[in-house]
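For reference, the chains in residue letters:
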Amino acid sequence: MDLLAQHGHILLILACVFGLFMAWGVGANDVSNAMGTSVGSKVLTIKQALVVAMVFEFAGAYLAGGEVTSTIRSGIVDPEAFTGQGHLLVYGMIGSLLAAGFWLLFATSMGWPVSTTHSIVGAIIGFAIIALGADAVKWDKTAVIAASWVVSPLCGALMAYLLFRSAQRLILDTDDPFHNAKKYIPYYMFAVGFILSMVTMKKGLNHVGLDLSNTESFMIATGIGLLVMALGILMMRRIEPDPEADREFRYASVEKVFAVLMIFTACSMAFAHGSNDVANAVGPLAAVFSVVQSGGEVAGKSPTPHWILLLGAVGIVIGLATYGYKVIATIGEKITELTPSRGFAAEFAAATTVVTASGMGLPISTTHTLVGAVLGVGLARGLGSLNIGVVGSIFASWVVTLPAGALLSMVFFVILRAIFGA
Amino acid sequence: MPIGSSLAGLFGRSPIKPLQEHIRKAHQCAEMLVPFTESMIAADWQLASDAQQRISALEKEADELKREIRRRLPKSLFLSFPREDLLDLLASQDKVANKAKDIAGLMYGRRMTIPAALAEPMLRYVRASVAASSQAVKAIGELDELIETGFGGHEIKLVEKLIEDLDNLEQDTDEQQIAIRTQLFAIEKELHPVDVMFLYRIIEEVGELADRAQRVGGQLQMLLAR
Chain A
0 MDLLAQHGHI
10 LLILACVFGL
20 FMAWGVGAND
30 VSNAMGTSVG
40 SKVLTIKQAL
50 VVAMVFEFAG
60 AYLAGGEVTS
70 TIRSGIVDPE
80 AFTGQGHLLV
90 YGMIGSLLAA
100 GFWLLFATSM
110 GWPVSTTHSI
120 VGAIIGFAII
130 ALGADAVKWD
140 KTAVIAASWV
150 VSPLCGALMA
160 YLLFRSAQRL
170 ILDTDDPFHN
180 AKKYIPYYMF
190 AVGFILSMVT
200 MKKGLNHVGL
210 DLSNTESFMI
220 ATGIGLLVMA
230 LGILMMRRIE
240 PDPEADREFR
250 YASVEKVFAV
260 LMIFTACSMA
270 FAHGSNDVAN
280 AVGPLAAVFS
290 VVQSGGEVAG
300 KSPTPHWILL
310 LGAVGIVIGL
320 ATYGYKVIAT
330 IGEKITELTP
340 SRGFAAEFAA
350 ATTVVTASGM
360 GLPISTTHTL
370 VGAVLGVGLA
380 RGLGSLNIGV
390 VGSIFASWVV
400 TLPAGALLSM
410 VFFVILRAIF
420 GA
Chain B
0 MPIGSSLAGL
10 FGRSPIKPLQ
20 EHIRKAHQCA
30 EMLVPFTESM
40 IAADWQLASD
50 AQQRISALEK
60 EADELKREIR
70 RRLPKSLFLS
80 FPREDLLDLL
90 ASQDKVANKA
100 KDIAGLMYGR
110 RMTIPAALAE
120 PMLRYVRASV
130 AASSQAVKAI
140 GELDELIETG
150 FGGHEIKLVE
160 KLIEDLDNLE
170 QDTDEQQIAI
180 RTQLFAIEKE
190 LHPVDVMFLY
200 RIIEEVGELA
210 DRAQRVGGQL
220 QMLLAR
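Residue numbers (numbering that gives the first Met the number 0), protein chains in the order written: chain A, 0 to 421; chain B, 0 to 225.
Hints listed in this document are in silico derivations from the structure and should not be mistaken for laboratory results.
Each residue gets a CB set at the ideal place from its N, CA and C atoms; glycine is no exception.
Any given hint could be a false lead.
[Claimed, not checked] Straight-line alpha carbon distances no greater than 27 Å define the calculated DSSO-like cross-link-like pairs of lysine-lysine that follow:
no.	chain 1	residue 1	chain 2	residue 2
1	B	LYS16	B	LYS74
2	A	LYS182	A	LYS46
3	A	LYS41	B	LYS16
4	A	LYS333	B	LYS156
5	A	LYS201	A	LYS41
6	B	LYS137	A	LYS255
7	B	LYS156	A	LYS182
8	B	LYS156	A	LYS181
9	B	LYS156	A	LYS255
10	A	LYS140	A	LYS46
11	B	LYS16	A	LYS255
12	B	LYS16	B	LYS188
13	B	LYS74	A	LYS333
[Claimed, not checked] Among chain B residues calculated to face chain A with C-beta under 8 Å, some are:
no.	residue
14	LEU6
15	PRO17
16	SER75
17	ASP143
18	GLU144
19	THR148
20	ASN167
21	ASP171
22	LEU183
23	PHE184
24	ALA185
25	ILE186
26	HIS191
27	PRO192
All chains should be built: construct the whole structure from the sequences, respecting the hints.
Below, the structure is given as structure tokens:
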């Protein structure tokens with residue numbers, strides 16, 4: 000408590016700086032997987048993808064990032080265990096940010112795919128154990144989170160499989176794919192607008208001051224769905240069959256119609272990603288802030304101040320603008336096989352899964368969910384070839400990232416404790 | 000700075016486009032037989048030699064494509080249709096190129112003279128065989144449309160029609176083969192016996208080219224059946 004009175008401000012500033020740095024990292028690196036699919040399928044140019052990402056990542060982070068931020072802040076460590084020793088929590092959270100950031104830099108320089116979510120969760124568990132022992136960790140909640148890491152790609156796979164099969168049956172495998180596309184795709188557009196709004200509103204726009212009842216949420220969601228559908232129909236109106244392109248590939252014109260749908264799913268991917276990943280950067284910051292502000296008390300349930308989410312959102316956008324667009328371009332070059340009719344299924348499935356997880360307060364990996372969704376499309380025989388060795392490498396990355404994050408976090412915790420005092 | 004991404008690593012190189020490129024190359028070998036036969040009939044050995052060498056070069060290129068495709072098919076690649084089917088298809092496509100090379104090599108090696116009476120039917124016959132090869136290319140060209148619809152019923156019907164046409168083209172070459180053999184039989188006593196034997200052989204080989212093109216269609220049909 001004296002410690003906090005003495006060093007509180009410095010620690011808070013450190014937390015803000017490192018939190019901002021993590022957010023920058025998320026924008027620079029992580030968003031690329033979410034947006035790369037849209038660039039690879041030529042639905043968006045890099046500039047357009049950047050604009051979409053900046054707007055919707057921000058919106059997702061600010062409007063829907065609260066629950067996961069709460070989990071990172073106080074859902075993994077047991078705040079009760081830190082009573083009277085709030086400063087340890089502060090060291091640990093700052094250390095976690097450093098650890099995750101370090102790991103992110105290192106793995107990226109080695110060319111390894113890394114999940115920011117897994118890094119930060121591993122880091123938090125790490126410092127909690129070394130600070131106060133295994134009892135400081137809420138193992139039941141942690142188990143649920145670990146389970147969600149397995150369930151979310153499976154859920155993405157199942158949804159994407161069903162979505163793509165429905166598109167095959169209703170549109171692609173019919174006598175007149177082009178006109179069936181114009182007929183049925185508006186319904187998919189409605190679904191995108193409706194489902195994403197509904198899930199977002201159900202769990203809390205409280206922090207922006209909107210307290211909506213279920214009926215109100217339903218009606219607003221329906222309204223948004225209809226708006227999206229109307230906008231989509233307008234955009235599709237201008238598309239006519241292109242006989243020249245169709246000679247090369249009979250479904251070229253149909254894919255152009257799907258491309259409009261994929262613009263909307265691209266927005267939803269950015270939104271979903273922002274809602275889940277902003278917490279990786281600002282969850283620890285929120286924890287530090289609440290301890291420092293209350294002068295040492297570790298309250299679990301006070302709401303996350305919205306300026307913290309704002310900080311995270313801004314950090315992500317800066318990361319995107321300064322570096323992220325390059326990574327998006329690189330990844331987009333490799334994902335050219337994901338044409339709009341496949342891409343929308345994968346993106347819609349992944350976005351819905353991620354936003355639902357965000358609503359439930361579960362930090363998951365957007366990238367792994369998207370991988371699951373793409374595999375789902377592949378299982379519906381929608382893609383020429385998929386490298387399923389990647390699944391093995393994902394498991395391998397879990398095995399490496401969690402201990403790495405934990406160990407680094409322990410190291411930084413000890414260092415901080417030595418500097419600022421136990 | 001290398002960027003690792005599980006998502007980017009997920010997409011393997013699809014073997015479809017290389018497979019289509021391979022059969023186009025094999026067909027180029029077959030197509031070349033038409034100008035080759037024309038120059039053999041005209042006894043223009045220089046032109047014939049050029050054509051024969053061109054066919055050999057194209058066949059080598061097809062072989063190289065085949066080896067590339069085989070190299071790039073690791074077990075960890077999950078394909079939308081069985082790997083064995085793809086490899087079988089590749090093998091039968093390659094046989095078309097090989098046959099074209101064999102025909103040109105044999106004819107040119109013997110400086111084969113086509114009897115005047117057989118010149119026109121022979122040219123027509125070679126053209127018919129090449130048409131079968133062209134039809135096979137058309138059918139294989141539908142592979143990306145097949146994947147686009149996830150092997151949907153409509154597309155399959157379309158491809159089956161193409162394969163049916165291929166069968167008819169092969170049937171046509173069979174009939175032409177019988178006709179030419181009959182014509183040759185009528186005049187064989189007037190010709191050198193060894194030349195006659197090789198003429199019969201070439202007639203058979205050209206028919207075999209169409210057979211092999213048809214077999215590509217058959218492989219494709221088996222792929223669809225799964």
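Against the structure, the hints come out as follows:
no. : hint                   : result
1   : LYS16(B) to LYS74(B)   : 19 Å, holds
2   : LYS182(A) to LYS46(A)  : 30 Å, violated
3   : LYS41(A) to LYS16(B)   : 19 Å, holds
4   : LYS333(A) to LYS156(B) : 33 Å, violated
5   : LYS201(A) to LYS41(A)  : 33 Å, violated
6   : LYS137(B) to LYS255(A) : 24 Å, holds
7   : LYS156(B) to LYS182(A) : 24 Å, holds
8   : LYS156(B) to LYS181(A) : 24 Å, holds
9   : LYS156(B) to LYS255(A) : 24 Å, holds
10  : LYS140(A) to LYS46(A)  : 40 Å, violated
11  : LYS16(B) to LYS255(A)  : 21 Å, holds
12  : LYS16(B) to LYS188(B)  : 51 Å, violated
13  : LYS74(B) to LYS333(A)  : 20 Å, holds
14  : LEU6                   : 5 Å, holds
15  : PRO17                  : 11 Å, violated
16  : SER75                  : 4 Å, holds
17  : ASP143                 : 6 Å, holds
18  : GLU144                 : 5 Å, holds
19  : THR148                 : 5 Å, holds
20  : ASN167                 : 23 Å, violated
21  : ASP171                 : 27 Å, violated
22  : LEU183                 : 42 Å, violated
23  : PHE184                 : 46 Å, violated
24  : ALA185                 : 47 Å, violated
25  : ILE186                 : 47 Å, violated
26  : HIS191                 : 50 Å, violated
27  : PRO192                 : 52 Å, violated
Hints 2, 4, 5, 10, 12, 15, 20, 21, 22, 23, 24, 25, 26, 27 from the earlier list are contradicted by this structure; the remaining hints agree with it.
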